[in-house]
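K.L.:
Spelled out from the first residue to the last, the chains are:
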Amino acid sequence: MNEYILSLIVFLPLLAALVLLFIDSKRAELIRAVGLVVALMTFVLSLSLPHHFVQGQKGFQFECLLLWIPQFSINYHVGIDGISLLLILLTTFITPLVLLASWTDIKDKVKAYIVCMLLLETGMIGVFVSLDLILFYVFWEAMLIPMYFLIGIWGGPRRVYAAVKFFIYTMVGSVLMLVAILVLYFAAQPEHTFDLIALTEIHPLTGWLGLIAFGAFALAFAIKVPMFPFHTWLPDAHVEAPTAGSVILAAVLLKMGTYGFLRFCLPLFPEASIACAPIISALAIIGIIYGALVAMAQTDIKKLVAYSSVSHLGFVMLGIFAFNMQGMSGSLLQMLNHGLSTGALFLIVGMIYERRHTRQIADFGGIARVVPVLTVCFLLATLSSIGLPGLNGFVGEFLILLGTFQVNPTYAIFATFGIVLGAAYMLRMFRSVMYGPLDKEENASLKDLNAREIAVLVPVILCMFWIGLYPKWFLSTMDASIQEVQGIVLRADHEGSNTTRQPLSGPAAPEVGPGGSFPVAVPPAPETGEPIAHLAPDDTSPPNATQDEGVGHRHRDATTNRIGEVTP
Amino acid sequence: MTLPGTQPPFIQVIAVLPYIELLVFGILILLVSALSRGRNLRLVQLLTFAGLASAAYSSLSLWGQGRLQFDQSHMVVMDNTSVYVLTLLCIGGLLTALTATNFVTRQEKLRGEFYALILFCIIGMGVLASTLDLIVLFLAVELLSIGLYVLAGFDREKLFSNEAALKYFILGSFSSAFLLLGIALLFGASNGTTDIAQMLSAQPSPYLSLESFTVNTWPLSTVGWSLVLVGMAFKMALVPFHVWTPDVYQGAPTPVTAFMSVGVKAAALTALLRIMVATDLFAIEKWSTMLATLAILTMTVGNVIAIAQNSLKRMLAYSSIAHAGYLVLGVVAGGDPGMVSKYMGYQAILFYLAAYTFMNLGAFAFVIYAGADGDLSLDRCKGLGFRHPIPAAAMAIFMLSLAGIPPTMGFLAKIYLFQSVVAAGDTGLAVIAVLNSVVAVYYYLRVVVMMYMHESPEEKTVTDKSRGLLLAVCGCALVTLLLGIFPAAVIKIVQMCS
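Keeping their order, the protein sequence lines are chains A and B. For our numbering, count along the first sequence from 1 and bump the result up by 4. For our numbering, count along the second sequence from 1 and bump the result up by 1.
A portion of the hints provided could be inaccurate.
Okay, the calculated bits of chain A under chain B, using three or more residues with CB under 8 Å as the criterion [what the hints assert, rightly or not]:
#: 1; segment: 73-83
#: 2; segment: 87-95
#: 3; segment: 166-179
Selected chain A positions facing chain B (Cβ under 8 Å, derived; list incomplete) [to be verified]:
#: 4; residue: LYS113
#: 5; residue: VAL114
#: 6; residue: GLU145
#: 7; residue: GLY156
#: 8; residue: ILE157
#: 9; residue: ARG163
#: 10; residue: LEU182
#: 11; residue: LEU186
#: 12; residue: VAL187
#: 13; residue: PHE190
#: 14; residue: MET300
Hints are computed from structural coordinates only; laboratory data are not their basis. In this text, a Cβ means the ideal position worked out from N, Cα and C, and glycines have one as well.
Please take these sequences and the hints and turn them into a complete structure.
P.N.:
Below is the structure:
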């Protein structure tokens, strides 16, 4: 059973979509209900994953390996670790909520809409469970199709432009990744393979080739994230997409980019990741500040939230490329946080839009008195987005900054500006929409949230508090997996410094950050068999031992090991 | 070639049985059609299906028998590749016949001839795909071309159709002349043999012998092979020999265009593959460089010009040019001396041809379904998505498959092909090819955009709703999708071909 539960979760929505094709498209209520029930069933099924998931265990769980195209050794290989588990839960959690949220929003072509949503869910979960590069690529690309239809059919006035732009931008990155995947395949000796686990062990591409292949992967993911110079598709897609599309886009699709970095770029090309870390960190910081500044200038609420995503995802990237426990687990947590808070913001914007048919900040003002419940929800989502302590955003951002500071305080300082700016634009927007004089007549008769809308928002808000107040479960779920990824990068760094950068590593190593107690005498290269055990100090103590002290301190003894780059 | 009288001729009729069957049924169709004055269309169609089915059956019964030859020469060889391609051609012919019902019914005269010509063309294509002899290669090219010239002008009342036929005929004859001259030069260069398989080992002609050259590098044979390749490139519509394609594709009746785009490509590429395997020609750098250049030009020009098209038939014409470019990449990879890439290139092309048959024929069938006056403009596609949900969904699948997006057969075909290119070490070529396929995504998606994301103000769609056509559209879509998800069986088959 454990073997097939993942496949069941992946393909249940697809099956339901196929069944829906045979239902008469006039029976809209029935179709909506089927969609919602299936999405809920998927969610319930996915809840069994954390129940059976063994925390602290390295490697992948619930693995399932079936031959698919044996001639090219392309296999149906799925499995999850702590990283993918959390993202799958986010996906299955968000999908029924957006289906419920768009209950009255979408009146046209309901059947096609629900089918697209279900196909999208299959694609998204598929991306997170794939352990075979081609399988991953298939889900990664196939998922574009329903999203493309969602934007293009049910979107706003410039929907076609936005949909095509979204599709083509993603394609450009991913086809180059495809070539890199093929190069990896042929570089893998003695047996060519597309299997992620095998490729991580064989580690076929190093040096220049590795750098180029890393570039191809990184481009694909950077476009998806989106990182700074590749972000221009995002505002268009977000603004034009229907509410459900925006929520899914923000909550899950963007996470595929950052997930791709964690799952593929770092383990497959650790040396190249280290080499490119300064560039990526710099782009992330530019993204943080640029996104925030542009968000500040927006007059459209949805566009403002869209640009805030660019800023927030910059934090995630910065954390990943800090290569230490705080930074990386902060990043993963921030992925979830961003999914929840930005998802909630988009949901609320959608609810407002449904009432007023405008998203211009200037068209509102003083509506807090008219719609008190909506105001409370909006406030919570806003505060979570700007990282108020006690809500989820704070935990993630704090861990990321903590991790980054140990590696490069300058980065952290610049990134902190992003938080300040974030508070500025979010709060300003909130004030002009909710407070002030109620001077527009149309706003006086706005209806407050109905039961359905409250039912959509309450689970999200509960999760915000959960992560904000007691993130232990999330952190201990991801712990072992993050350590594993970090271990691969650290090993590559030590190998690199032991062979080529010998003179640099000696003096630089002791100067690791404030909490750094990592031994200088790291065992040199040869033990490839069991690499991580020696390198990740957290591994020796049980995962739960340090966690109750509070978020900030739990990884105190995990250090940064960016030898040669540490400039305290 | 054996001299008469020296020994009893060794003949294996079974190796050419499929062609004989096609011929017999073709003649039968002509007779029935002539006797009934074209009124007995049903019977003619039945005969067509029967002919195609029996040819496919008897060729399939030769699967796995090794290489059978008609006589001791290599004029017609029947191996797994021939069986595979011939079966594919029969499927193509069957789909064409299914889509053409309404078109043929509209014709006042010569109804049966349409089907007979299709069968004759398939003979030409099949022989082209299964010969190792340059003379037979020329004959096969002529056989299929002449049939297609007539078919292109089959809509006799229409100026466009006549124009297409004439253009195709004049340019086609011109290219045949190149082909023939090339063959003549090679005949001279290789001391009087037209057998491709023997050319490599043939002694250079004593009159022109130059010590330092082998047969493959000798100037005379260089010119000869160039001319042969020009002739083949014309048939495959490789840039810069492609100029006829858009006009002919647009002007010819749509079923003919569909048949032409799929069949000629399959036959000519298989012939190229045979030349590749028999002569090792493309292992020589100058030839592989030339082919690679042709491939890059063809992909790029085809894809870029397709963006500007408003007529779906013209767009598909340019897209077929682009796909010919991708296919030639497989020959470049297969020509590489490395064993892995050699087999992979060969298999990739065969797989791609199967994928292309279904997705392209399906797309053209949709053009027939939704089109008016023999063509379908992008504008007319507006709103079809929700007004004709099933055919439109099928068209969306074809477009995505042509663009190479999973989970379709077109995606796997591209992966297979690019894999062989990377295996041959030409990663740069693979990068150019994938970037090209991004360009292609734009115009393929535009059709989807028109169908699903634009509303049409009024119902103006006159559709051809014959049952055969719908069957062809849905069948192609199903195959494109299912073989895209479960391709292992087809891959196994193409691996047995090489």
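K.L.:
Decide, hint by hint, whether the structure agrees.
P.N.:
Hints, one by one, checked against the model:
1. 73-83: n = 4 at 8 Å, threshold three: holds.
2. 87-95: Contact hint for the segment 87-95 of chain A vs chain B: violated, 0 residues under 8 Å.
3. 166-179: holds (count 7)
4. LYS113: Holds. Min distance 6 Å.
5. VAL114: violated (12 Å)
6. GLU145: holds (5 Å)
7. GLY156: holds (4 Å)
8. ILE157: holds (6 Å)
9. ARG163: holds (7 Å)
10. LEU182: For LEU182(A), the interface hint holds, since the closest Cβ of chain B sits about 6 Å away, which is under 8 Å.
11. LEU186: holds (4 Å)
12. VAL187: holds (6 Å)
13. PHE190: holds (6 Å)
14. MET300: Violated. Min distance 33 Å.
The structure is inconsistent with the numbered hints 2, 5, 14, although it conforms to all the rest.
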